[in-house]
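**Q** Single-letter residue listing:
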Amino acid sequence: ETGVTQSPTHLIKTRGQQVTLRCSSQSGHNTVSWYQQALGQGPQFIFQYYREEENGRGNFPPRFSGLQFPNYSSELNVNALELDDSALYLCASSHRDKPYEQYFGPGTRLTVT
Amino acid sequence: KQEVTQIPAALSVPEGENLVLNCSFTDSAIYNLQWFRQDPGKGLTSLLLIQSSQREQTSGRLNASLDKSSGRSTLYIAASQPGDSATYLCAGITTSGTYKYIFGTGTRLKVLA
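Going down the list, the protein sequences come from chains P and V.
Sequential numbering from 1 applies to the first sequence in my numbering.
Sequential numbering from 1 applies to the second sequence in my numbering.
In case anyone wonders, no lab produced these hints; they're calculated from the structure.
Do not rely on the hints blindly, as some may be mistaken.
Some, not all, of what chain P presents toward chain V, calculated at C-beta under 8 Å [claimed, not checked]:
{"no.": "1", "residue": "S33"}
{"no.": "2", "residue": "G42"}
{"no.": "3", "residue": "P43"}
{"no.": "4", "residue": "N55"}
{"no.": "5", "residue": "G56"}
{"no.": "6", "residue": "F60"}
{"no.": "7", "residue": "S86"}
{"no.": "8", "residue": "L90"}
{"no.": "9", "residue": "E101"}
{"no.": "10", "residue": "Q102"}
{"no.": "11", "residue": "G105"}
Rough simulated footprint, nothing fancy, chain P against chain V, three-plus residues with beta-carbon under 8 Å [as the list claims (entries may be wrong)]:
{"no.": "12", "stretch": "39-46"}
{"no.": "13", "stretch": "97-104"}
The beta-carbon is built from N, C-alpha and C at its ideal position, and this holds for glycine as well.
Generate the whole structure from the sequences, applying the supplied hints.
**A** The structure is reproduced here in structure tokens:
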């Protein structure tokens, strides 16, 4: 049990739609990262938020965006969904004193049809 | 650019065997190295975290080692059991601008009863 929760567990969307995925982490975890895991692949870093601002980004287009809130929750938003966006989306949080130890949530399985 | 490679991609062994999973990374400037287990359709379960100053970690039948100079880590599983069947992922934690995980593509392990 990592103390990181994600919602929803599963989601089915249609190409072109928009989706919001949510993550809630422990108190004191002021850094949150999002990862995308396509089938048969390892997770890929999307971006990271620290103190409610984007703090680093992987090789993902701007239609992937995020928000982080003061209550240690965060969102991943994806616009104009494409079939290739179908994946498991993982969030990971870390405590302010140990930014190098990230705790992963159970993930949200997104299917785009 | 940091890349993580895992060998073998898949492994099938009879119950009771000791086995070694390999992970190599291209950039020795990783901070920590972490091994995860992932069951089909599920999220990540952290197995072992080797911090920057350490060379190995042990938990039960699992032992992981890290050699930064050669860019390698190994996960040793003793007396394998059918319940060990899963995908095993290693991830290097890099510090280039932000702490983020770089994952390998995993080793799919099947332990036969």
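**Q** The structure should be examined with respect to each hint, and the outcome stated for every one.
**A** Results for each hint:
Evaluation of the S33 of chain P hint against chain V yields a held restraint, the C-beta minimum of about 6 Å falling below 8 Å. Residue-level restraint check for G42 of chain P holds (minimum Cβ-Cβ distance to chain V is 3 Å; threshold 8 Å). About 5 Å separates the beta-carbon of P43 of chain P from the nearest beta-carbon of chain V, less than 8 Å, and the hint is met. For N55 of chain P, the suggested interface contact is upheld, since its CB lies about 5 Å from the closest CB of chain V, less than 8 Å.
Of the supplied interface hints, the one on G56 of chain P holds, with its beta-carbon coming within about 3 Å of a beta-carbon of chain V, less than 8 Å. With a least beta-carbon distance of about 13 Å to chain V, the hint placing F60 of chain P at the interface is violated under the 8 Å criterion. Taking 8 Å as the C-beta cut-off, the interface hint given for S86 of chain P is violated, the closest approach to chain V being about 13 Å. Among the interface hints, the one on L90 of chain P holds; its C-beta lies about 6 Å from the nearest C-beta in chain V, closer than the 8 Å criterion.
Residue-level restraint check for E101 of chain P holds (minimum Cβ-Cβ distance to chain V is 7 Å; threshold 8 Å). A hinted interface residue such as Q102 of chain P counts as satisfied when its beta carbon comes closer than 8 Å to some beta carbon of chain V; here the least separation is about 7 Å, so the hint holds. At about 7 Å, the closest approach between the beta carbon of G105 of chain P and any beta carbon in chain V falls short of 8 Å, and the interface hint on this residue holds. By the rule of at least three residues with a Cβ nearer than 8 Å to a Cβ of chain P, the coverage given for the stretch 39-46 of chain V holds, with 5 such residues.
Only residues whose beta carbon comes within less than 8 Å of a beta carbon in chain P count, and the stretch 97-104 of chain V has 8; three or more means the coverage holds.
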